[in-house]
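Protein chains in written order, with the working numbering: chain A, 56 to 780; chain B, 18 to 452.
One thing to keep in mind: the hints can contain errors.
[As the list claims (entries may be wrong)] To spell it out: a stretch of chain B is covered by chain A in this simulated footprint if at least three of its residues, at any positions, have a beta carbon under 8 Å from a beta carbon of chain A; those stretches are:
{"#": "1", "segment": "221-229"}
{"#": "2", "segment": "326-340"}
[Stated by the list, open to error] Label-pair ranges, simulated between beta-carbon atoms:
{"#": "3", "chain 1": "A", "residue 1": "L426", "chain 2": "B", "residue 2": "K225", "range": "50 to 60 Å"}
{"#": "4", "chain 1": "A", "residue 1": "K425", "chain 2": "B", "residue 2": "F329", "range": "28 to 38 Å"}
{"#": "5", "chain 1": "A", "residue 1": "C694", "chain 2": "B", "residue 2": "E342", "range": "45 to 55 Å"}
{"#": "6", "chain 1": "A", "residue 1": "K601", "chain 2": "B", "residue 2": "G160", "range": "39 to 49 Å"}
{"#": "7", "chain 1": "A", "residue 1": "Q598", "chain 2": "B", "residue 2": "K225", "range": "24 to 34 Å"}
{"#": "8", "chain 1": "B", "residue 1": "D56", "chain 2": "A", "residue 2": "E360", "range": "40 to 50 Å"}
{"#": "9", "chain 1": "B", "residue 1": "K225", "chain 2": "A", "residue 2": "S428", "range": "40 to 50 Å"}
{"#": "10", "chain 1": "B", "residue 1": "E207", "chain 2": "A", "residue 2": "C481", "range": "31 to 41 Å"}
{"#": "11", "chain 1": "A", "residue 1": "E431", "chain 2": "B", "residue 2": "A410", "range": "50 to 60 Å"}
{"#": "12", "chain 1": "A", "residue 1": "T588", "chain 2": "B", "residue 2": "K225", "range": "53 to 63 Å"}
{"#": "13", "chain 1": "B", "residue 1": "L161", "chain 2": "A", "residue 2": "D522", "range": "33 to 43 Å"}
{"#": "14", "chain 1": "A", "residue 1": "E431", "chain 2": "B", "residue 2": "L161", "range": "51 to 61 Å"}
In short, the hints are calculated from the structure, not lab data. Owing to the predicted nature of the structure, the values given are computational and were not obtained by experimental measurement. Beta carbons: idealized from backbone N, C-alpha and C, even for Gly.
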Amino acid sequence: MKGKKKTMPKNDVHEEEAPLPSDKVPSPSVSDSDSDYEDSSADDDESSVSLDSQSESEFEEGSPENGRSGDLEAEGTESSVDEDIVNGEGSGNESSDLHQPGAESDSSEDEVAPRNTIGDVPLKWYEDEPHIGYDIKGKKIKKKEKQDKLDSFLANVDDSKSWRKIYDEYNDEVVELTKDEIKLVRRLLKNQAPHSDFDPYPDYVDWYKWEDAKHPLSNAPEPKRRFIPSKWEAKKVVQYVRAIRKGTITFDKPKEEDGPYLLWGDDSGSTEKSNHLAYIPAPKQKLPGHDESYNPPLEYIPTQEEINSYQLMFEEDRPKFIPKRFTSMRSIPSYENAMKESFERCLDLYLCPRVRKKRLNIDPESLKPKLPSRKELKPYPITCYIEYKGHEDAVTSISIEASGQWMASGSSDGTVRVWEVETGRCLRRWEVGEAVSCVSWNPLPDMHILAVSAGQDVLLLNTGLGDEELQNQIKELLWIDSSTASDDSGDKAPSVSWLKDDKHMGLRLRHFKTVTAVEWHRKGDYFSTVMPTGESRAVLIHQLSKKLTQKLPFKLHGLAVRSTFHPSRSIFFVCTKKNVRVYDLLKTKVIKKLDTGLREASSIAVHPGGDNLIVGSKEGKMCWFDMDLSSKPYKILKCHPKDINNVIFHRTYPLFASCSDDCTAYVFHGMVYSDLNQNPLIVPLEILRGHTSSNGRGILDCKFHPRQPWLFTAGADKLIKLYCH
Amino acid sequence: MNMNEESDEASARRIQVRFVTKLNAPFIVPSTAIAIPADLTRFGLSSLVNALIQSNDADYQPEPFDFLIDGEFVRMSLEQFLLAKGISAERILEIEYTRAVAPRKEEDPCLHDDWVSAVDGSSSRFFLTGCYDGLGRVWKGAGLCTHVLEGHSDAITSVSIINPEGLETVTVATASKDRTLRLWKLNTEEPVNQPMRVRAYKILRGHKSAVQSVAAQTSGEMVCSAAWDCTINLWQTNDFNAEDDLVSKKRKIGDQVEDSQLEGEAFTTLVGHTQCVSSVVWPQRESIFSASWDHSIRKWDVETGKNLSDIFCGKALNCLDIGGEGSVLIAAGGSDPVIRIWDPRKPGTSAPVFQFASHTSWVSACKWHDQSWFHLLSSSYDGKVMLWDLRTAWPLSVIESHSDKVLSADWWRSDSVISGGADSRLCISSDIPVK
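Between the sequences and the hints, there should be enough to build the whole structure, so can you do that?
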């Protein structure tokens, strides 16, 4: 306290000096305009209050802040008391200034010389005197001339500050109150402490109590350092200040207030954020209903019949809870399944996966590619309308004449038959003698020659269709001089001998191994034969017009299965068990090798466009190759559970089909676009059933009608069926 | 009308009906309204009408009837029919009855040596069949063969009687898979004990492939033929020796008989079809209709040889006939079990106006009845011949006399159906009351 008191004035001196002169009024009794009232009240309390204040001021050194107990009414009294003290001390102006910085009234009065020295005597005594008292030198102080009441009123009216002027009777003068004084007066009128910075209710500090007051460890007085500012702290502060100036210390940003949040929102999101094993909320239980009450309404309670009927149900279907009725809570037995369920719960916890499985919530339907509907892809073969009956054993191969009027079939009963497509009538029949493995109709519409492979022979048969001129041409073509029977440029045994076949009026090409496939070139002059066991001479190309045979000038890798010609260019495909080799016959080189990835390929078909081909395999898979795309299959279709026996493209319609030993034939829509950017569209259309299995074999061959969207299938059940759109 | 009032209250499920008919004498019932149970079917109605007639005429033999309400055949119970058609049962219902169109008699089949591929019954005196053994046969009736037409080297695919009502000699045309057509002249009046062997008087060569169908102009002057070579050829039928375009050719059989056969060349060729033309008809003098495996039916103008109109059907077509109302409706069947009927007078649409789909296999023939607007027959590879009425979607009757594919069928004498099939039989179902 003291230190504070002492230091404070030092700073304040200069500032205080300015207001001091204005504070002339030492004890201006509170009065704004009506001084009479104020004066009287001041007079009444003078004596008693002054005593109190005096006693207080002894201790408090006259500071007005503390001495506020009874002196709320009048400033005047206090100021007068102060005045007295000051006077009693007899100190000079400066000293009083130092001591009483807060008592403005006193100092202001000190400044102006007190003129009247009559003391505290009733002024009545001087009422009749011409003077009001005596000044400090003992001279009489003359009363001023009394102003005329009217004049004074007028003066008051004119003067805007007249309201703050009061008449000091003691000194016989008019005093003008300053603004601060008026504020002070106002505060007093409101029964407040006169100074605004005065705290009327300070925290009580009990200075006379400390921890070990009763039994002090040391009697040592408080050390000085307790009272002086710490140098170390100052240094630290300086450090901080410098750091702040340099910018090394940055103040934390104000903490962001949490924004509004969903009070009832799902709290699962927050659990997923954390890295560790996430909390898995328990599934929400259904709220119990009336039936789960211990005393449910009667309609909830099942009858005995119903309970019996539950026993007949499967355990999963039985209701989990059967309502029962108890008259009181007391009679409810303990839960019978408690042990079992807690055991199961433990088991669940024990077996519970410790990793949360991310299950993709995707509709499996949406993953399917969008395919056009089958209706839009009509026409395609759907129903079987005509059956071609007559063969006595499995029909192994069929071939349709170019115009679509006739169909030839070869069977393992050793016959070749020609059928009329339209009516199903068998027109001709040849006894070949051996099981026929392949028949193939010459692709020229006027050249009704049938190539038939049976055993080691390939027969070229004149079907006898067409008019006489054509017949003559064909006969000429199929005539051979018996002297030029064999032909091979070869060194070893001739691979093929061209013979005249008198029985069938055709040609017989005797191969050195079993021939399995015959395929014509599109121009009808060349045809190729495949002997799987023929090793380097497995694939031969024959020329009908010159009766020439040449072997493929390429080395074959693997067992040849089928061969086929490109539909428009001089390209030749050889399908071996594992892959397909594409040869250019003009340049005599291998263009491409297509890797099927199949275990054993069985058939091959080239799209009429020539850039796509399909390969069927014995494991029931079908590979679609887009030769522009890659040497790997573009699509692999797995639809047959058993061996695929043949695959075929339609010549004009965007259809392809496969037939298999499972007695079904599949028809697909296979659209190849001329736009190279668009991949071929493959849509499965129809499963054609109807054939029956015989000796484990189903449909052995299938061919499309050259002009209609019809499919012919040859079955091991001796039938040929025609499926129409 | 009032005589049945009392029965009305007996049952709520009774309908007042009045039977009317266009039939003649024995089949007329009194045209008073009677109340009948609503759940009667065709059979019930038929026995009711029979009972009514019998009450007047004791000698009357019961006869199956068919019933029409508002021009539609009743093929379910009356109640259902009225519900389905939304006809009020309050007013008196007029039910027209006709004799049920069904064969009453199955005549002995005419046995052939091979499949019977073609029949023509357009003459009332005889009918003509074509067979896969290359012979054409003329029959006077069931089992009574009068002529055998010899000459074709391959199966006959189509036959046509050129002037059905010719006085003494009748001209017929046959088409064959040996790429020729032959014209024959027959005297059908002379009585014969043994079938007479006849040789063609004219051979029409020009098709490059099997001829599928032949049709004659109504006047008989020309025939047209359709073939697998996608063309339709028109030929003259006259037998004058116009030496400039007809080549006379002597032919020797053994060394005794000298026989002259004319050869004809195509008068015009109609080109436009892209696949086998399977059927032609020549209903009017100036227009030819053709059906083809290229899924189209075309109308040709004979004078100019131009293609007038196309109908696309989406299926390969095997047979075609023009007839029905105004003799303009086109009926066609093909590589599916549906018989489609188009009305070319309907503008702006190529959708068929009727589709009959009771067969289970390819339709091999369809023929309109030549006197009725509503009746047609169809034969199919499923071995059935069906009689149809445009007024109902179900067949009037199904003739199942064949055991194999039926390849051809035709009306004969307007009350019989002749059909030939792959069982080498020609079946005649007669006594069909089509008025």
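Checklist entry - Counting residues of the segment 326-340 of chain B with a beta carbon closer than 8 Å to any beta carbon of chain A, are there 3 or more? => result holds (count 4)
Checklist entry - Between A:K425 and B:F329, does the beta-carbon spacing fit 28 to 38 Å? => result 29 Å, holds
Next on the checklist: Against the range 33 to 43 Å, how does the distance between the Cβ atoms of B:L161 and A:D522 compare: consistent or not?
Outcome noted: 37 Å, holds
Checklist entry - Range hint 51 to 61 Å: satisfied by the CB atoms of A:E431 and B:L161? => result Check passed, 56 Å falls within 51 to 61 Å.
Checklist entry - A:K601 and B:G160, beta-carbon distance inside 39 to 49 Å? => result Cβ of A:K601 to Cβ of B:G160: about 59 Å, so the range 39 to 49 Å is violated.
Checklist entry - Per the hint of 31 to 41 Å, is the separation of the Cβ atoms of B:E207 and A:C481 within bounds? => result 39 Å, holds
Checklist entry - Does the hinted range 53 to 63 Å hold for A:T588 and B:K225 at CB? => result 44 Å, violated
Item to check | Range hint 24 to 34 Å (beta carbons of A:Q598 and B:K225) holds or violated | outcome: 27 Å, holds
Item to check | Range agreement (Cβ of B:K225 with Cβ of A:L426, hint 50 to 60 Å) | outcome: Cβ of A:L426 to Cβ of B:K225: about 43 Å, so the range 50 to 60 Å is violated.
Checklist entry - Is the gap between the beta carbons of A:E431 and B:A410 within 50 to 60 Å? => result 28 Å, violated
Checklist entry - Per the coverage rule (Cβ-Cβ under 8 Å, at least three residues), is the segment 221-229 of chain B covered by chain A? => result That given contact holds, which follows from 3 residues of the segment 221-229 of chain B lying within Cβ reach (below 8 Å) of chain A.
Next on the checklist: Between the beta carbons of B:D56 and A:E360, is the distance compatible with 40 to 50 Å?
Outcome noted: 42 Å, holds
Checked against the numbered hints given earlier, the structure breaks hints 3, 6, 11 and 12 and satisfies all the rest.
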